[in-house]
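**Student:** The listed protein sequences derive, respectively, from chains A and B.
If you read the first sequence in the UniProt record's numbering, its first letter stands for residue 1, the second for the next number, and so on.
If you read the second sequence in the UniProt record's numbering, its first letter stands for residue 1, the second for the next number, and so on.
In short, the hints are calculated from the structure, not lab data.
This one's a predicted model, so the numbers in the text were calculated from it and none came from an experiment.
Glycine residues also receive a C-beta, built at the ideal position from the N, C-alpha and C atoms.
Incorrect hints may have been included.
Unchecked claim - Among the chain B residues that face chain A by a calculated CB cut under 10 Å, a handful are:
id : residue
1  : Pro34
2  : Thr80
3  : Leu84
Take a look at the letters that make up each chain.
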Amino acid sequence: MAEKMTGAEMVIQALIDQGVEHVFGYPGGAALPIYDAMFQQDTVQHILVRHEQGATHMAEGYARSTGKPGVVLVTSGPGATNAVTGLTDALMDSIPLVCITAQVPTTLIGSDAFQECDTVGITRSCTKYNYLVKRIEDLPRIMHEAFLIATTGRPGPVVVDIPKDVQFALGDYYKPDFDTLRHQSYRPQMDGDAAAIEAAVDLMLKAERPIFYTGGGVINAGPAASEHLRELAELTGFPVTSTLMGLGAFPASNSQWMGMLGMHGTYEANLAMHDCDVMINIGARFDDRITGRIDAFSPNSAKIHVDIDPSSINKVVNVDIPIIGDCARVLSEMVRVWRSKTNQSRSEALAPWWKQIETWRAVNSLGYKNSETIIKPQYAIERLYQATKKQAKEVYITTEVGQHQMWAAQHFHFDQPNRWMTSGGLGTMGYGLPAAVGVQVAHPEALVIDIAGEASVQMTMQEMSTAVQYRLPVKIFILNNERMGMVRQWQDLLHGSRYAHSYSESLPDFVKLAEAYGGKGIRCSNPAELDATIAEMLDYDGPVLFDCMVEKDENCLPMIPSGKPHNEIILPDTANIGDIIDEKGRQLV
Amino acid sequence: MNAHLQPTGSAYFLTKETQDIERHTLSVLVDNEPGILARVVGLFSARGYNIESLTVSETEHGRRLSRITVVVIATPKTLTQIKLQLERLIPVHKVHDLTAEGASLERELALIKVAGSGDSRAETLRLADAFRAQIVDATVESFVFEVTGKPAKIDSFIALMQPLGLVEVVRTGLAAISRGPQGM
Ligand SMILES: Cc1ncc(C[n+]2csc(CCOP(=O)(O)OP(=O)(O)O)c2C)c(N)n1
Ligand SMILES: [Mg+2]
Numbered sequence: 001m002a003e004k005m006t007g008a009e010m011v012i013q014a015l016i017d018q019g020v021e022h023v024f025g026y027p028g029g030a031a032l033p034i035y036d037a038m039f040q041q042d043t044v045q046h047i048l049v050r051h052e053q054g055a056t057h058m059a060e061g062y063a064r065s066t067g068k069p070g071v072v073l074v075t076s077g078p079g080a081t082n083a084v085t086g087l088t089d090a091l092m093d094s095i096p097l098v099c100i101t102a103q104v105p106t107t108l109i110g111s112d113a114f115q116e117c118d119t120v121g122i123t124r125s126c127t128k129y130n131y132l133v134k135r136i137e138d139l140p141r142i143m144h145e146a147f148l149i150a151t152t153g154r155p156g157p158v159v160v161d162i163p164k165d166v167q168f169a170l171g172d173y174y175k176p177d178f179d180t181l182r183h184q185s186y187r188p189q190m191d192g193d194a195a196a197i198e199a200a201v202d203l204m205l206k207a208e209r210p211i212f213y214t215g216g217g218v219i220n221a222g223p224a225a226s227e228h229l230r231e232l233a234e235l236t237g238f239p240v241t242s243t244l245m246g247l248g249a250f251p252a253s254n255s256q257w258m259g260m261l262g263m264h265g266t267y268e269a270n271l272a273m274h275d276c277d278v279m280i281n282i283g284a285r286f287d288d289r290i291t292g293r294i295d296a297f298s299p300n301s302a303k304i305h306v307d308i309d310p311s312s313i314n315k316v317v318n319v320d321i322p323i324i325g326d327c328a329r330v331l332s333e334m335v336r337v338w339r340s341k342t343n344q345s346r347s348e349a350l351a352p353w354w355k356q357i358e359t360w361r362a363v364n365s366l367g368y369k370n371s372e373t374i375i376k377p378q379y380a381i382e383r384l385y386q387a388t389k390k391q392a393k394e395v396y397i398t399t400e401v402g403q404h405q406m407w408a409a410q411h412f413h414f415d416q417p418n419r420w421m422t423s424g425g426l427g428t429m430g431y432g433l434p435a436a437v438g439v440q441v442a443h444p445e446a447l448v449i450d451i452a453g454e455a456s457v458q459m460t461m462q463e464m465s466t467a468v469q470y471r472l473p474v475k476i477f478i479l480n481n482e483r484m485g486m487v488r489q490w491q492d493l494l495h496g497s498r499y500a501h502s503y504s505e506s507l508p509d510f511v512k513l514a515e516a517y518g519g520k521g522i523r524c525s526n527p528a529e530l531d532a533t534i535a536e537m538l539d540y541d542g543p544v545l546f547d548c549m550v551e552k553d554e555n556c557l558p559m560i561p562s563g564k565p566h567n568e569i570i571l572p573d574t575a576n577i578g579d580i581i582d583e584k585g586r587q588l589v
Numbered sequence: 001m002n003a004h005l006q007p008t009g010s011a012y013f014l015t016k017e018t019q020d021i022e023r024h025t026l027s028v029l030v031d032n033e034p035g036i037l038a039r040v041v042g043l044f045s046a047r048g049y050n051i052e053s054l055t056v057s058e059t060e061h062g063r064r065l066s067r068i069t070v071v072v073i074a075t076p077k078t079l080t081q082i083k084l085q086l087e088r089l090i091p092v093h094k095v096h097d098l099t100a101e102g103a104s105l106e107r108e109l110a111l112i113k114v115a116g117s118g119d120s121r122a123e124t125l126r127l128a129d130a131f132r133a134q135i136v137d138a139t140v141e142s143f144v145f146e147v148t149g150k151p152a153k154i155d156s157f158i159a160l161m162q163p164l165g166l167v168e169v170v171r172t173g174l175a176a177i178s179r180g181p182q183g184m
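The shape of chain B in the complex, shown without the other chains (with noise of 0.2 Å):
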């Protein structure tokens, strides 16, 4: 839908969509297979959907179902047409937008290195204990958190790092499941 809006698209669409963009949450089960995530990230790309968060992985091993987590941002109408076109690509069993249905709930992993000596250690202490971030790695003069959470969490934690020595993060992208007991 995006791809058709843009002003060197195809000529008819010259109606701006006005609808409000939304960020939203959608939970794939795929078989996994291979080339499986280069058709999602295809789909995304060739109709110019933008993707926010990508995040994938066997969960059914017997079955070899993966479930890739995707955080989009389109107008509403946009993301109606992003479920139905995953849901057209053969290998795709089921497209749930977690946003949409409800409660859900989202986590995300990071592991954060902190470089510094002398008071800013206790301090880089003292704040990744509030956060509940577990120390994975230790020398001297650095440290690996291992922090987990909603991603506005581990936001803050980076940006209270940044001052302390920050060296380097990396995130896993989001992980979401649905509250209850329904499964996907």
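One chain only, chain A, in its complex shape (with noise of 0.2 Å):
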């Protein structure tokens, strides 16, 4: 059932049959064949960036708010080396991405030709795969590879090289077809083994200090692992916790959640996990932000590790049950094991256990002093949140990178899977911005917030002229304290507060770069108004810029600072956090 086309008609056509509703890219010279073939015809929309960082961004936060892989068209040179930061972004955070780059000519392959740079030798270390099409013949089997490759296993971002010449040229279309496909060398276990999990169920139901550690996986492996995560919790009665990444796949509402752990995560959540004797660790990576010190990490505990990807297993820590597999399907058997084993509730084996955890909950260290006078940070937060829950609208937030991203995690609290993005691995500043866009386009009727900080959103900020061109409400809701706030928090903890270029000087009028952009642009700086202003940004039909005046020297905290172990926590009242590093923990990131 071959169709003759030339191969820019190929990459579109292979888009549509994918079932790609919109690609975010930008133009050049070596893309202009399939540029040329986008326009004639309707079913996939472009939507025009202003930086191809940005298209990346956009992808992702496409891809994670509705588990569909991002595409992103740019050209060659330029237009490859500035997709590479979102490439990574998405590589660390497993986020499925399919990146369309055009190429000079293969005739002009290694020439030094004008916009040419070797796309697939600096994007083989920051993709999951990446290809060069050479032949004309290759490319259907290699677009529709890369959409197989992006979104299944691990999810991650493929890069298609495509010269100029291949998009010239005259071929044969084939649709997806799944024998014709890769299949010989990337075949990701889904299942996972029945030994394994009835063996972690078994060690489960012998548990007295247990504790769920959730992670983006379970974001990934699609709804359904939520719900069976849920039910599991419900069967269990475990605690659960949760990394960045996987914020929403259990119910912050549900009085069995402990809040996020980590770096600056909740005092019950890191305690519990210190003190644990199972823990139950489903779709995350031993991350250092959650570990603090290696050989202190729950010393205590046996560990059960679900992950799709073999190589996380004992890459940090040890574990004593691996299972490899995705998590909806490890869950769901989970669930159906432990059914089959009892149907008595464990709460009085588990009680001394929740005893404890009310404890470490009562210290309340997300706790901070409020003021009249100055809006705090968290305050902002919370009044948003408490604004954002009475709107009939579904509410997908996103973020950047700093301290008002850890106060979104801490402060605003999610029911859902795929409401909450940010940049959990690479820590990308400027991720938030363009990936409120990106969700804002696949979801045309929700609210979409970026909580950012004035430094980070500094770093794409050009894409509210893209939020314009298409009429995408994005709210932008700018936490200012006129400091890179992390870096200085980090100065007063490890470097004697000599802030070390950690303030933001000469930072643009916000309100009027809004209203420069055909955006709305509204300021606070009394906690008396920030109810009605926030009233006013949620009413109005349109991107808005929000320049929250906020507490310019808060501190993020509770922070386990890093070489400390878990229960070596910061908490809120803490009077100077300069006294609290040694010499060895300076030299930590």
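Assembling the complex is the task here: the two chains are given apart, and the hints tell you how they should meet.
**Tutor:** Below is the structure:
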């Protein structure tokens, strides 16, 4: 059933056959044939960005909020190099992206041609896989394979580099056909080993101080995984904590929810991780922001680790029962096996553990001193959260990177998966605004808010123009502390409060800037006016930059400093954080 | 893993790996496609693993498969990671740790140029014969020998040639295969 067409037409046809509705991109010489083919159809909508990094983060937001792959189209040379940050971000956070990069004609490759760069060389280490398509015969297969690889197993970004002459060449196009796709060397294991699942459940049945430690893998495994997690938590009665990437998989409104764990996680989550006897890691990877000092990490627990990527097992922390498989399938098996073994509640056996957890919860580690004169950043997020709860719309939150990101994770609460988009692994400032644009493209009716810092947001601010062009009513809620607050906090902690280049000088007037872009600007610095101005933002049908002037020197706490175990967490009422870290700790990142 | 343990690496990995390091030979079956070697080598450099030797060549032309033999030096924990990280590469079909899986055969080929005249030539030829080195080129003042065998045998032959006028050496790196009827 081959159909004759040009390479450029094949690219578009493959996107259509893969069910792609939106592409985020930016044209250039080498990409013109594909753009020409794009122009002659209406099935795939192209969103013109203002910087290729923006396109990649939009595609990430799109993917994370829908579960579908995000698609990027950029030109050769600078188009491709500008996409590198977003590709790396997607690799670190396991986000499915297909990024089509145009390339100079095959005859010019290697000649240092205009806008030539070694795209496959540059992106080899920041993609799950990449291709240089040298022959038109390979193009249909590669396009379909790219989607298969990006979306299955542990998801990730895939680059398809297509030289201009291949875009012009005529060839036979084939629809996706699983038999012709790469499957010999790429076969992700989906089902967990039955004996391992059985052993895990046996261990869980005997646990007295258990905890579920869940991560982004639960989100990546689709909504069914979150459903099964809820079911398993209800059956077992175990407490649940999550990494930054996993927020929303388990409802924050549930009484078994412990809050986020890790460097800025809650006291109860971190102490429970430290003191537990059985840890059930589902789709998380023992990242260093989670474990703290590795040799003091949860010293007395038996560890179960469910992960689709075999190389995650025993990479950082040795575990007792590894289960390789898709979180949704393994969780549903765990539910089935648990049910087959018992119908008794274990609440009595777990009562002392929950009592202990209650004493930790009573510490109120997310507490802060509010003020009547200055807006506290935590308060701003709390009020934003309350205001959005009253909205009939679905709410999606993205963030930039810094203190505001951690405060958002702590004080905004999620009851559903795919509602929280943040750059976890790479920690990319500038992620949030374009990610919000991508989310809004996927969910035009939803309320999409980027909780931002005044420094981060300037890294990809130009995408406001994209939001205005496509009438995407994203709300950019800037916690403006006139500081790179997170850097300032570390300088207080580690460098004698010598604030080397961590303040935001010569800030633009964000209200005027919003207006210059054709959006709306709102400023608020008075706690008494906060609710009204937030309401004004939510009521406005268009993009808004909200300049929320907050306390400049607030620290983001609790915090487990680098090199400290979980039970040496710094709590909010600590007077001077500068006295806590010793010389050795200062070398840590 | 090694990368994590370096002093400049991510701060949390303060613990020194205490296990002893071992030398292992891995056999890696891959699609023979452009860039595959860069992928494998890039993985080693990005994650800070040490390569001792690496050989690659197409072994099944019809299926476009290549076999890479790579000798690594690492702790057992890192060895496991290396294997799993290699398997994670899309064009990698299989990774076998030949050292861990028991008896395997290891061979290397070397071309060795020795220059000399007079008595030393006779001595050179006597030793070459003992090592079953083939003469593949000869002039009145030089020989090129071809030696095959375990790397240790080649090492000793080279050491013996040193005082006899060794000029230069090229070695192929290790090719290894498991014993017995089973294939990869
Ligand atoms: C692209 C990039 N460059 C540098 C950093 C290091 N960094 C982490 S947080 C931060 C400051 C962020 O400041 P702001 O956006 O104002 O957020 P705040 O911490 O003040 O809430 C910096 C510079 C980073 N994460 N990303
Ligand atoms: Mg700031």
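**Student:** Each hint: holds or not?
**Tutor:** Results of checking the hints against the structure:
1. Pro34: holds, 7 Å
2. Thr80: holds, 7 Å
3. Leu84: holds, 4 Å
No hint from the list above goes unmet by this structure.
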